[in-house]
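*Asks:* Letter by letter, the chains look like this.
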Amino acid sequence: MKFRLTTIFLLTILVNNSFSQKKIQLNENNVKTAIREIDITNKFLVEEVKKIIKSKKNKDSVFKTKGYIRINVKGGGVYNNIPISYKYYINNDYHSFDDISNQDIFPDYYTFINGKPILIFSDVYDKIFKKTFLDESILSFQSIIEPYLFEKKEIDKVQFENKELVTNHRNKYPFRPKELIQVHGGITIYFPVDGGIMPIVVKNIY
Amino acid sequence: MFLLSATKKGFSSKEIQTQAQGAPSESYSGLIHSAGYYFISVTASVHTHTPDRSDGTNGVSHNVGADDIQFASNHPDLKNWIIGCGAVAQYNATNSSFFNINSGAISSNCSLIQ
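As given, the protein sequences belong to chains E and U, one line each in that order.
Those letters in the first sequence? Residues 10 to 215, by the numbering used here.
Those letters in the second sequence? Residues 1027 to 1140, by the numbering used here.
To be clear, the hints were calculated from the coordinates, so they are not data collected in a lab.
C-beta: ideal position from N, C-alpha, C; glycine also.
There may be inaccurate statements among the hints.
What the hints assert, rightly or not - Computed cross-link-like contacts, BS3-like style, restricted to lysine-lysine with a CA-CA straight-line distance of at most 25 Å:
1) 41(E) to 59(E)
2) 73(E) to 187(E)
3) 73(E) to 63(E)
4) 162(E) to 73(E)
5) 1105(U) to 63(E)
6) 1105(U) to 73(E)
7) 41(E) to 162(E)
8) 73(E) to 166(E)
9) 1105(U) to 172(E)
Claimed, not checked - Label-pair ranges, simulated between beta-carbon atoms:
10) 1053(U) to 85(E): 46 to 54 Å
11) 1137(U) to 51(E): 26 to 34 Å
12) 1072(U) to 204(E): 18 to 26 Å
13) 1129(U) to 48(E): 44 to 52 Å
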């Protein structure tokens, strides 16, 4: 199911312009990390991602020019009585990354396969600590992902309760009138604990 | 705050379109108007789990799917609801299970969604 949402966020974005040159910043409870570009070394995963990119492009003309692939890495468990080390949930998505106050939206890693951004979210650690990213790393990632997102529309003035208000471009979220949000679909790859068993690819129902 | 533009009525099972098609016929508190767009503050999202029509479940008895968790994570201020078969329930970004599960006819349960 795919939602077409035309959203505008008028909340304040506080951009910290005093970027530190340090690789790691410490705050009260967290260690800030970078959104790192990596190469996926798991050949099985790479081939499955190539398949899903091809499949999505065939089914959805929008995905030919916009959107990215999202991989959520999750912990193990059991699938059909087979002990699982970990599993990869894979789907396409179009959601933007404008709300820097919500760092959960940002991936831990990214790469490119067949010209598409592949964003990797390591959900395994979400229950252990609250992830936060370096400001300069977020800005760099936003610049890299921007060509794959729907275009921003500038809003100069709005009418609210019969009054005309002027918006402040520096202090609002961009408005992306054609933005899509993907809900459901994709595949999950289960990697068995027993390395002798081939990974199991399952089409997602929900 | 999460703002949604005025909606075009009608949607398919695959896509809900919310492109502005002029002023909304009803009045909404806090409505903002700009450049032909009408922005309406929303507090909840709702979508269906249609596979439960064939898999024998109520659509909210399985673990919350990765897409649903990601949507809730992307929009932390929204309350998120699922309409299943004979049940409606909430989910969020932090629980692996659905909660506030209400069984019964959709016609009566939908009034619980807010």
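*Asks:* Hints broken by the structure, by number, lowest first?
*Replies:* Violated hints: 1, 5, 6, 7, 8, 9, 11, 12; rest satisfied.
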